[in-house]
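Student: Chains F and R supply the protein sequences, listed in that same order. Residue numbers for the first sequence follow numbering that gives the first Met the number 0, beginning at 0 and rising by one. Residue numbers for the second sequence follow numbering that gives the first Met the number 0, beginning at 0 and rising by one.
A few of these clues could be false.
[Stated by the list, open to error] Computed beta-carbon distance windows for the label pairs: (1) R:T60 / F:G128: 35 to 45 Å; (2) F:Q142 / R:A196: 40 to 50 Å; (3) F:L56 / R:A26: 35 to 45 Å; (4) R:T85 / F:G156: 24 to 34 Å; (5) R:A40 / F:L56: 31 to 41 Å; (6) F:L176 / R:D157: 33 to 43 Å; (7) R:P182 / F:S48: 50 to 60 Å; (8) R:T85 / F:N203: 26 to 36 Å; (9) R:N138 / F:I1: 29 to 39 Å.
Calculated directly from the structure, the hints in this document are not laboratory data. Only a predicted model underlies this, so the values are computations on that prediction, with no experimental measurement involved. Here a beta-carbon is modelled for each residue, glycine too, at the ideal position from N, C-alpha and C.
2 protein chains.
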Amino acid sequence: MILYTMPHAPNPRRVIIFAAEKNIELAHVNVDLRNREHKSAEFIRRNPSGKIPVLELEDGTCIAESIAISRYLESLKPEPNLFGRTALETAQIEMHHRFIELELFSQVGISWVNGPIIAASGLIDPIAGVKARSDFFVNAYYQRLHEELAEREYIAGDRFTIADITAFCCIEFAITLVDLKPPKELVNLWQWHGRLAERKSVKNT
Amino acid sequence: MILYTMPHAPNPRRVIIFAAEKNIELAHVNVDLRNREHKSAEFIRRNPSGKIPVLELEDGTCIAESIAISRYLESLKPEPNLFGRTALETAQIEMHHRFIELELFSQVGISWVNGPIIAASGLIDPIAGVKARSDFFVNAYYQRLHEELAEREYIAGDRFTIADITAFCCIEFAITLVDLKPPKELVNLWQWHGRLAERKSVKNT
Chain F
0 MILYTMPHAP NPRRVIIFAA EKNIELAHVN VDLRNREHKS AEFIRRNPSG
50 KIPVLELEDG TCIAESIAIS RYLESLKPEP NLFGRTALET AQIEMHHRFI
100 ELELFSQVGI SWVNGPIIAA SGLIDPIAGV KARSDFFVNA YYQRLHEELA
150 EREYIAGDRF TIADITAFCC IEFAITLVDL KPPKELVNLW QWHGRLAERK
200 SVKNT
Chain R
0 MILYTMPHAP NPRRVIIFAA EKNIELAHVN VDLRNREHKS AEFIRRNPSG
50 KIPVLELEDG TCIAESIAIS RYLESLKPEP NLFGRTALET AQIEMHHRFI
100 ELELFSQVGI SWVNGPIIAA SGLIDPIAGV KARSDFFVNA YYQRLHEELA
150 EREYIAGDRF TIADITAFCC IEFAITLVDL KPPKELVNLW QWHGRLAERK
200 SVKNT
């Protein structure tokens, strides 16, 4: 299986960590985002949304979207389980995962799209006031995570799941490319971050 | 099981249609969004994000997020299948579902939050230029759906799935409350909309 990816991109990283947790080997092919390769006719045949990551199967079938790919990999190799075992646990992991995606990752994305790197690229004109608002929501969510992580070790409960992978890749992206580092006072959030950073799947990818 | 909901809200409607497809009965309790009941301390205990829908189980356990709830209902009653059967079909449905959520529904949401109804409520000040941009993305996505629905009958392939429920509730919300009606020239999109509107689960809810 081939993973279309690019170093440092947060969404492909989710899949790379997920596959490492499962000990699944994927061949990597880098997509040249700077030269808009992801919007080329050839790439659009792999993903009509023109985004990475994409997983290409042996027969050429392509699956886009990091969570669709991760769910496929979970079906191929169910252990270690990362999406939940029982009906209730699966629903709770999905709930926490969606909180992260819809309330944190989406706001980090808005700050990124309206921030200085994209502005300098000339691709999108930032709209005044948008980044300040999304920055505010990101920081409010960091505070919420700090409070929630006083009660439990991981994002969705007492074990590592897909929700941790998404939250970690999101926060790493926010720190390194969007200049949104969680304040050091949010010690529970930073302790969780440290636990994640120590995992073999994270250190080696 | 109790569903915390509110008439005309698009996300609870997803769960209501999903449950109707499965013939699962849910007791409905309306949450008074206008008086901010969803942000009350009592409601925050059910969902820390302060949003509807929430499903409360017999033992008081609460599940928030429409897709987490739907997945729980699918586990309780697997047929008719709406999330996919094989590993590949499940991944493809998830991929199409995410396209709708991330590229259409999120933009409709931005247009809603920055539109006249929310502005009149005084809850959030709209930011100039934001709605015009999200309206543009919504209309571009309508065009994409029109083209894709020339090739297949439903959003994720040749059968009705969770992706159709999400797309339908999103577009109904866009039409009725965000003033974003797909142009009538997009005949494939409108034919699909007609097929959905005829379903018993949609007509009766």
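Student: None of the hints should be skipped; say for each whether it holds.
Tutor: Here's how the hints hold up against the structure:
| no. | hint | result |
| --- | --- | --- |
| 1 | R:T60 / F:G128: 35 to 45 Å | holds (40 Å) |
| 2 | F:Q142 / R:A196: 40 to 50 Å | holds (43 Å) |
| 3 | F:L56 / R:A26: 35 to 45 Å | holds (44 Å) |
| 4 | R:T85 / F:G156: 24 to 34 Å | holds (28 Å) |
| 5 | R:A40 / F:L56: 31 to 41 Å | violated (49 Å) |
| 6 | F:L176 / R:D157: 33 to 43 Å | holds (40 Å) |
| 7 | R:P182 / F:S48: 50 to 60 Å | violated (22 Å) |
| 8 | R:T85 / F:N203: 26 to 36 Å | holds (31 Å) |
| 9 | R:N138 / F:I1: 29 to 39 Å | holds (34 Å) |
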